[in-house]
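Enquirer: Residue-level listing of the chains:
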Amino acid sequence: MATGTDQVVGLGLVALSLIIFTYYTAWVILLPFIDSQHVIHKYFLPRAYAIAIPLAAGHLLLLFVGIFITYVMLKNQNDTKKTQ
Amino acid sequence: AAEEASRSSPRFRREPKGRVSRQDKYSVLLPTYNERENLPFIVWLLVKSFSESGFNYEIIIIDDGSPDGTRDVAEQLEKIYGSDRILLRPREKKLGLGTAYIHGMKHATGNYIIIMDADLSHHPKFIPEFIRKQKEGNFDIVSGTRYKGNGGVYGWDLKRKIISRVANFITQILLRPGASDLTGSFRLYRKEVLQKLIGKCISKGYVFQMEMIVRARQLNYTIGEVPISFVDRVYGESKLGGNEIVSFLKGLLTLFATT
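The listed protein sequences derive, respectively, from chains D and F.
Just so it is clear: in the first sequence, position 7 is 10 by the working numbering, and no numbers are missing.
Just so it is clear: in the second sequence, position 126 is 408 by the working numbering, and no numbers are missing.
Any given hint might turn out to be false.
Listed below are the simulated DSS-like cross-link pairs for lysine-lysine, each with C-alpha atoms no more than 30 angstroms apart in a straight line [unchecked claim]:
(1) Lys361(F) with Lys486(F)
(2) Lys443(F) with Lys78(D)
(3) Lys84(D) with Lys376(F)
(4) Lys388(F) with Lys78(D)
(5) Lys84(D) with Lys486(F)
(6) Lys441(F) with Lys78(D)
(7) Lys78(D) with Lys375(F)
(8) Lys78(D) with Lys417(F)
If you're looking for bench data, these hints aren't it; they were derived computationally from the structure.
One chain only, chain D, in its complex shape (with noise of 0.2 angstroms):
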């Protein structure tokens, strides 16, 4: 069943997903409450990258999914070709 790969890298993903939720949150919810002269916001980039950044994630991942289908279809049409 699980090995123990498997286990971590299964771990590994749930931490990571763990680790963007809790920076995300507080990067968008948080922050602007908090005074603009803290230390905090040395560690955060400008505002607008929150929205520009998961913009260009989910544009990449269509991208992705597109051009992995229609290979695959261009693929399966010149497989029939072939063998009519």
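Fit chain F to the known structure of chain D by using the hints.
Expert: Okay, now just chain F, sitting in the frame of chain D:
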């Protein structure tokens, strides 16, 4: 078995005359294609599991004209275990899983149907748990699940596990099916429920099993779940490539649009 019967008798709504589970009979449908090595073993395990638990059963082997002589093996098994236990109902050529179930069901005398793979990825030791679960909640369908409790998968690499998880996640979000494992094919159905469902399902492959559960949900059938461990096929190769992923997505979207 007598104990079992007295415990579950009061709530038996669809049994004729309200009489009890002693008469329940379980027909196991085993569609095979080139399973010469696996068939004797799976049949032996089934017989062992059923004779230990004491339920009434029959095994229906639906061979789709395997070139490797699966049919001869099945005929020998029929002789060994008796033709009331093992029924051989072959077909001439490979015609697909859905029609194999329809074909097998025509010859089934049990009031419950169990479907499973004959390639040893499903262990018959879980069948008594399926039956117990069914009686417990009087479910119409009991589905084996890899994603709950002690359930799991043996013999898959990390990539395959991740794809499976992602596919399952997307499906859960899009279809809200009310069952945790949709692509599994280790299930117990009431016979009349399976008959009704199969007539409504049009998809093939992975999506077929998924459609069965989704349509069941639509028709308000109740679904119970039992954790199972799935073992990737010992002989032969199970494939998961780009083609499988794309056709899965297509099927998923079709189901999403039509339900």
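Enquirer: Please go over all the hints and tell whether each is borne out by the structure.
Expert: Going down the list of hints, with the structure as the test:
no., hint, result
1, Lys361(F) with Lys486(F), "34 angstroms, violated"
2, Lys443(F) with Lys78(D), "25 angstroms, holds"
3, Lys84(D) with Lys376(F), "23 angstroms, holds"
4, Lys388(F) with Lys78(D), "40 angstroms, violated"
5, Lys84(D) with Lys486(F), "23 angstroms, holds"
6, Lys441(F) with Lys78(D), "22 angstroms, holds"
7, Lys78(D) with Lys375(F), "28 angstroms, holds"
8, Lys78(D) with Lys417(F), "49 angstroms, violated"
The earlier numbered hints that this structure contradicts are 1, 4 and 8.
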